[in-house]
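Asks: Protein chains in written order, with the numbering used here: chain Z, 3 to 141; chain C, 118 to 786; chain R, 3 to 97.
For the record, the hints were derived by calculation from the structure and aren't laboratory data.
Small disclaimer: the values here were computed from a predicted structure and weren't measured.
Virtual Cβ for every residue (Gly too), placed ideally from N, Cα, C.
Just to be clear, a hint being listed does not mean it is correct.
Label pairs and their computed distance ranges (CB to CB) [said to hold, decoys possible]:
{"id": "1", "chain 1": "Z", "residue 1": "L13", "chain 2": "C", "residue 2": "V448", "range": "21 to 29 angstroms"}
{"id": "2", "chain 1": "Z", "residue 1": "D47", "chain 2": "C", "residue 2": "Y655", "range": "30 to 38 angstroms"}
{"id": "3", "chain 1": "C", "residue 1": "V554", "chain 2": "Z", "residue 2": "K46", "range": "34 to 42 angstroms"}
A short list of chain C residues far from chain Z (calculated; beta carbon distances all over 10 angstroms) [as the list claims (entries may be wrong)]:
{"id": "4", "residue": "I131"}
{"id": "5", "residue": "A290"}
{"id": "6", "residue": "S463"}
{"id": "7", "residue": "A469"}
{"id": "8", "residue": "K502"}
{"id": "9", "residue": "Q503"}
{"id": "10", "residue": "A558"}
{"id": "11", "residue": "A600"}
{"id": "12", "residue": "A604"}
{"id": "13", "residue": "N607"}
{"id": "14", "residue": "D731"}
Only pairs whose alpha carbons sit at most 25 angstroms apart, straight line, appear in this in silico DSS-like list of lysine-lysine [to be verified]:
{"id": "15", "chain 1": "C", "residue 1": "K148", "chain 2": "R", "residue 2": "K57"}
{"id": "16", "chain 1": "C", "residue 1": "K502", "chain 2": "Z", "residue 2": "K42"}
{"id": "17", "chain 1": "R", "residue 1": "K92", "chain 2": "R", "residue 2": "K49"}
{"id": "18", "chain 1": "C", "residue 1": "K642", "chain 2": "Z", "residue 2": "K46"}
{"id": "19", "chain 1": "Z", "residue 1": "K118", "chain 2": "C", "residue 2": "K685"}
{"id": "20", "chain 1": "R", "residue 1": "K57", "chain 2": "R", "residue 2": "K86"}
{"id": "21", "chain 1": "C", "residue 1": "K642", "chain 2": "Z", "residue 2": "K118"}
{"id": "22", "chain 1": "C", "residue 1": "K707", "chain 2": "Z", "residue 2": "K76"}
{"id": "23", "chain 1": "C", "residue 1": "K502", "chain 2": "Z", "residue 2": "K79"}
{"id": "24", "chain 1": "Z", "residue 1": "K118", "chain 2": "Z", "residue 2": "K79"}
{"id": "25", "chain 1": "Z", "residue 1": "K76", "chain 2": "C", "residue 2": "K502"}
{"id": "26", "chain 1": "C", "residue 1": "K707", "chain 2": "Z", "residue 2": "K79"}
{"id": "27", "chain 1": "C", "residue 1": "K642", "chain 2": "C", "residue 2": "K685"}
{"id": "28", "chain 1": "R", "residue 1": "K86", "chain 2": "C", "residue 2": "K148"}
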Amino acid sequence: MGKIFISLVSLFIVVGAALIYSSTTGTSSLVLLPSELVAKAEAKDLRRIRIGGRVIDPISYQTEPSMVLRFSVKDPKGGEQAVPVVYEGLKPDMFAAGRDVLIDGDFVGGTVRAAKLQTQCPSKYEPAVPGAQQQAPKE
Amino acid sequence: MIEFGHFALALAWILAFGASITGVVLGSRAKAQLGQIEVVRRATMAVAACLGCALVALGYSFVTNDYTVQYVWQYSNRSMPWIYKVTAIWGGMDGSMLLWCFLVALFASFVARASVSYPRPLVPALLGFLNTSALFFTSITLFFTNPFRYLKTPVLMPDGNGLNPLLQNEYMAIHPPMLYLGFTGLFIPYAFCMAALASGHLSNDWVRLTRRWTLIGWTFLTAGIVLGGHWAYLELGWGGFWAWDPVENASFLPWLTATAFLHSVMVQERKGMLKLWNVFLVTLTYALTVFGTFLTRSGIVQSVHAFASTDIGWTFLLYLGLIFVVAVALVIRRRHELSPQRTIESLFSREAIFLLNNLVLLSICFAVLWGVMFPVFSEALTGQKQTVGIPFFNAVNVPLFLLLVFLMGVGPVIAWKRSSLRLMVRSFAVPFLGAFVVGVALVWAGVTEFYPVLAYSIAFFVLMTILGELQRGLGAQAAATGAATLAPSNAVALFRRQRMRYGAHLIHFGVLVMTVAITASMAHKVEREFTLSSGEKYSVGRFELELQEFHDEEQANYDAVQAHVALKSLKDGSLLEVMAPEMRFYRKNKENTTEVALRMGQREDVYLVLAGIDETGTRASFKIFINPLQVWLWYGAIIMVLGGFVMALPLPRQATAEERSRGRAEQPA
Amino acid sequence: MNMWIVAAAVMAAILAFLLVKPLFEPALSVEADLKGDAPLRNLLDEKERTLRALKDLELDYAMGKIGSEELEPARRALALEAGKLLEEIKRNGGR
Numbered sequence: 003m004g005k006i007f008i009s010l011v012s013l014f015i016v017v018g019a020a021l022i023y024s025s026t027t028g029t030s031s032l033v034l035l036p037s038e039l040v041a042k043a044e045a046k047d048l049r050r051i052r053i054g055g056r057v058i059d060p061i062s063y064q065t066e067p068s069m070v071l072r073f074s075v076k077d078p079k080g081g082e083q084a085v086p087v088v089y090e091g092l093k094p095d096m097f098a099a100g101r102d103v104l105i106d107g108d109f110v111g112g113t114v115r116a117a118k119l120q121t122q123c124p125s126k127y128e129p130a131v132p133g134a135q136q137q138a139p140k141e
Numbered sequence: 118m119i120e121f122g123h124f125a126l127a128l129a130w131i132l133a134f135g136a137s138i139t140g141v142v143l144g145s146r147a148k149a150q151l152g153q154i155e156v157v158r159r160a161t162m163a164v165a166a167c168l169g170c171a172l173v174a175l176g177y178s179f180v181t182n183d184y185t186v187q188y189v190w191q192y193s194n195r196s197m198p199w200i201y202k203v204t205a206i207w208g209g210m211d212g213s214m215l216l217w218c219f220l221v222a223l224f225a226s227f228v229a230r231a232s233v234s235y236p237r238p239l240v241p242a243l244l245g246f247l248n249t250s251a252l253f254f255t256s257i258t259l260f261f262t263n264p265f266r267y268l269k270t271p272v273l274m275p276d277g278n279g280l281n282p283l284l285q286n287e288y289m290a291i292h293p294p295m296l297y298l299g300f301t302g303l304f305i306p307y308a309f310c311m312a313a314l315a316s317g318h319l320s321n322d323w324v325r326l327t328r329r330w331t332l333i334g335w336t337f338l339t340a341g342i343v344l345g346g347h348w349a350y351l352e353l354g355w356g357g358f359w360a361w362d363p364v365e366n367a368s369f370l371p372w373l374t375a376t377a378f379l380h381s382v383m384v385q386e387r388k389g390m391l392k393l394w395n396v397f398l399v400t401l402t403y404a405l406t407v408f409g410t411f412l413t414r415s416g417i418v419q420s421v422h423a424f425a426s427t428d429i430g431w432t433f434l435l436y437l438g439l440i441f442v443v444a445v446a447l448v449i450r451r452r453h454e455l456s457p458q459r460t461i462e463s464l465f466s467r468e469a470i471f472l473l474n475n476l477v478l479l480s481i482c483f484a485v486l487w488g489v490m491f492p493v494f495s496e497a498l499t500g501q502k503q504t505v506g507i508p509f510f511n512a513v514n515v516p517l518f519l520l521l522v523f524l525m526g527v528g529p530v531i532a533w534k535r536s537s538l539r540l541m542v543r544s545f546a547v548p549f550l551g552a553f554v555v556g557v558a559l560v561w562a563g564v565t566e567f568y569p570v571l572a573y574s575i576a577f578f579v580l581m582t583i584l585g586e587l588q589r590g591l592g593a594q595a596a597a598t599g600a601a602t603l604a605p606s607n608a609v610a611l612f613r614r615q616r617m618r619y620g621a622h623l624i625h626f627g628v629l630v631m632t633v634a635i636t637a638s639m640a641h642k643v644e645r646e647f648t649l650s651s652g653e654k655y656s657v658g659r660f661e662l663e664l665q666e667f668h669d670e671e672q673a674n675y676d677a678v679q680a681h682v683a684l685k686s687l688k689d690g691s692l693l694e695v696m697a698p699e700m701r702f703y704r705k706n707k708e709n710t711t712e713v714a715l716r717m718g719q720r721e722d723v724y725l726v727l728a729g730i731d732e733t734g735t736r737a738s739f740k741i742f743i744n745p746l747q748v749w750l751w752y753g754a755i756i757m758v759l760g761g762f763v764m765a766l767p768l769p770r771q772a773t774a775e776e777r778s779r780g781r782a783e784q785p786a
Numbered sequence: 003m004n005m006w007i008v009a010a011a012v013m014a015a016i017l018a019f020l021l022v023k024p025l026f027e028p029a030l031s032v033e034a035d036l037k038g039d040a041p042l043r044n045l046l047d048e049k050e051r052t053l054r055a056l057k058d059l060e061l062d063y064a065m066g067k068i069g070s071e072e073l074e075p076a077r078r079a080l081a082l083e084a085g086k087l088l089e090e091i092k093r094n095g096g097r
């Protein structure tokens, strides 16, 4: 192998690793379940978190003067801990109680302030099969 | 019918099993009977025929509303239009795996058909490896995700459950098949490469024969990825087209390595270098397509649209391991034949730029893979799961992509082996100056952010170099034939003579258009929320919106309410269009969805979402996005796909004969 | 009722016939060599590469990527290499 090949490859490994490392440390967020969030935060604030939870009632959605969606989430596998969520923005498609959502945001004053809210879906659409044991849903 | 489908699937499995073993065994021998090779060749085509029958059987059950079949019951109902009943075949995991199998086998059968003219030492092993891939996916379908199963209910179900409303969309009819065509197309270079290693027929033959298949796979994958983005843009209502979601990334990863391979393979063909590198790229590309299937079906990372988490993940991991073990073993066995025949002599050579391009593409690939797998890595290392999102992907990929686009301008202008520095400076002086002027003009015009200015300048630089190349090419062609430089016939002759070169330029031009469009839509997007009563107005950008009325609609499977909003020009108040964003309520699934109203324009898209209507039914809330130059993203993609097809289409006969005779004439005495 | 069994049997029979047929064709009973002549093949590859490089060289010159002062030495070197390769190919029994 030639000198140019070796030096270019090494250069890219070093620069690439540095770029990935610096970008990761500046943007990564903790992934938590609602119950873990409650246990971990202990009334402290947490910046940059991602919550995967199941939406429970009550849901309130106001559109004036600006769009604000308020709801709570609990662990998808059950559990009692509910965490209130505020999301300022458009209600996503297929958002409803019982749906699983991904929330990116901060935990401030006991409430999750969502910067991004996604309904977990499109392709994940496995209805319960009547009379048969279910294939997948383990939640 | 369902039993027949099941039978056909099982038969396909048996044939693929037999053909893969026979092929690899024959390929490892010194001699083989022609008849035996022919049997394997026919078996390869028979696998595709059987899987085609299975697919038709499943489609028949869908179209005839056979709700005794569990899969049909799950993904369709009577009120769906028939076209969505057909597309529902790939609406869930079981059917999409069957489609995947069929496409793998279909590509394999095309290669098998063409294989009669291939160098014979390559053929048995090639057929064998083509079938190992078909065997793996058929095994998954037959044993784990078999769609040919009855619904276990005591009573007959009168109606099906229905397809997810978000998937009842014409894009869902063509986006998954396109993507699958891309994925499955990219397993062909892998089969060629492994066959070359296994048989020891490591000449340029496999490289040459594989190029068209790689291009076809690459082109379909490009189309599939962009169609997915277009679907997200039209349907998901958040005004964007790409969210770095694991499912999107899964399709992007093999695209990156396939793109790298398309470049580095030229270096191997011409210089006999990067042989091992290309084996690595081809294997990685195939492994990443398998990994993508694994990612979307195993549920190991959270995604907005992961398929249901299933327990077949381990089979994919096992297969991934097998792919690498086989590749490494074969490489070790053939290590002497894989040593390079030359080395890169100069940094200012085409081969060095191609290597750089490969390294950038691989860096992007690694960064994206890192981002996708970060939750898994971080949990394994620290015990606490962490994740990265759009900010991470943008922070890493924007500089790398700009470097890539820049190299796209440099590569084609540099000569093979060693460029003349003096002439290089001369060819780059004007583009550099032009790019600098564009940058200064943008800053002066008020675009002060670093990356947008850099992106537009680089795009202009590359445009200038491509145009310069075209001009020099036309000049050289005119000098050789005596035609006028700018005569259309001269251009046509040039394109025909060097189709691959100008096809590549066309793809590069498409990338440029996309670069500009993505930059514009990232940097200058406008996003507003507002509420209107009938007759009220709201102005944004160069537009004014006025709510006119509400309109209720009742469709076969959903109820809808539309808000009619007049879009007017703010300058002269002229009516441009009455936009009708819509909210839908699917009765069967009790799902709410929104339908975006979109006005595409050359300058910008107006993207209007109906967010809600208050209790009185007179006031409505909207979200509006003004996406500048958005439409050029799709134009750019169309240009890329066009370029891909220009390169992948079979050469017209005359041209090859002509090239051959020219090649002979140039042969030194 | 059991239409599918009939269909499956017909399909299996047709496939079996088509698959087995080549084994009994006299024209296909020939043994084919699967090893080939690796050294000769490499030489032929190198010949192709050299001719390709010559073509690329001319093209790069025509497109103004290299000057005439670089063209001539490079062309001479390639022509020399091509000559050597042709000789060696002849020695190895190729054309």
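Asks: Now, for every hint given, state plainly whether the structure supports it.
Replies: Each hint, compared with the structure:
Distance hint for L13 of chain Z and V448 of chain C: a CB-CB separation of about 25 angstroms, consistent with the stated range 21 to 29 angstroms. For the hinted restraint 30 to 38 angstroms between D47 of chain Z and Y655 of chain C, the CB-CB distance of approximately 36 angstroms keeps it satisfied. For the hinted restraint 34 to 42 angstroms between V554 of chain C and K46 of chain Z, the CB-CB distance of approximately 53 angstroms leaves it violated. With a cut of 10 angstroms on Cβ distances, I131 of chain C stays outside the contact zone with chain Z, its closest approach being about 25 angstroms.
At the 10 angstroms boundary, the C-beta of A290 of chain C stays outside the reach of chain Z, the nearest C-beta of that chain being 15 angstroms off. With a minimum CB-CB distance of about 8 angstroms to chain Z, S463 of chain C fails to clear the 10 angstroms threshold, and the non-interface call is violated. Residue-level check failed: A469 of chain C sits 6 angstroms from the nearest beta carbon of chain Z, not beyond 10 angstroms. Residue-level check failed: K502 of chain C sits 4 angstroms from the nearest beta carbon of chain Z, not beyond 10 angstroms.
With a cut of 10 angstroms on Cβ distances, Q503 of chain C falls inside the contact zone with chain Z, its closest approach being about 5 angstroms. For A558 of chain C, the condition that its CB be more than 10 angstroms from all CB atoms of chain Z holds, with the nearest at approximately 30 angstroms. The Cβ of A600 of chain C lies farther than 10 angstroms from every Cβ of chain Z, with a closest approach of about 40 angstroms, so its non-interface assignment holds. Its beta-carbon lying about 42 angstroms from the closest one in chain Z, A604 of chain C satisfies the requirement of being farther than 10 angstroms from that chain.
Even its closest Cβ contact with chain Z, about 38 angstroms, leaves N607 of chain C beyond 10 angstroms, as expected for a residue assigned away from the interface. With 10 angstroms as the threshold on Cβ separation, the claim that D731 of chain C sits away from chain Z is violated: the shortest Cβ distance comes to roughly 7 angstroms. Of the pairs offered as hints, the one joining K148 of chain C and K57 of chain R is violated, with about 38 angstroms between alpha carbons and a cut-off of 25 angstroms exceeded. A hinted pair counts as satisfied when its Cα atoms are at most 25 angstroms apart, and K502 of chain C with K42 of chain Z qualifies at roughly 13 angstroms.
Distance hint between K92 of chain R and K49 of chain R is fulfilled; the C-alpha atoms sit about 12 angstroms from each other, no more than 25 angstroms. Restraint check for K642 of chain C and K46 of chain Z: the C-alpha separation of about 35 angstroms exceeds 25 angstroms, so the hint is violated. Annotation: proposed proximity of K118 of chain Z to K685 of chain C is violated, straight-line Cα distance about 31 angstroms (limit 25 angstroms). This hinted pair checks out: K57 of chain R and K86 of chain R have alpha carbons roughly 18 angstroms apart, not beyond 25 angstroms.
The hinted pair formed by K642 of chain C and K118 of chain Z meets the criterion: a straight-line CA distance of about 17 angstroms does not exceed 25 angstroms. Between K707 of chain C and K76 of chain Z, the direct Cα distance comes to roughly 22 angstroms. Compliance with the 25 angstroms bound is thereby established for this hinted pair. Under the criterion of a C-alpha separation no larger than 25 angstroms, the hint pairing K502 of chain C with K79 of chain Z is consistent with the structure, at around 18 angstroms. Note on K118 of chain Z and K79 of chain Z: the hinted pairing holds, with a Cα-Cα distance of about 22 angstroms set against a maximum of 25 angstroms.
Taking the CA atoms of K76 of chain Z and K502 of chain C, the gap is about 18 angstroms. The hint holds against a cut of 25 angstroms. In summary, the hint linking K707 of chain C to K79 of chain Z is supported, as the alpha carbons are separated by about 23 angstroms, within the 25 angstroms threshold. For the hint pairing K642 of chain C with K685 of chain C, the CA-to-CA distance comes to about 19 angstroms; that is within 25 angstroms, so the pair holds. Under the criterion of a C-alpha separation no larger than 25 angstroms, the hint pairing K86 of chain R with K148 of chain C is inconsistent with the structure, at around 32 angstroms.
The structure fails to meet hints 3, 6, 7, 8, 9, 14, 15, 18, 19, 28 from the earlier list, while all remaining hints are met.
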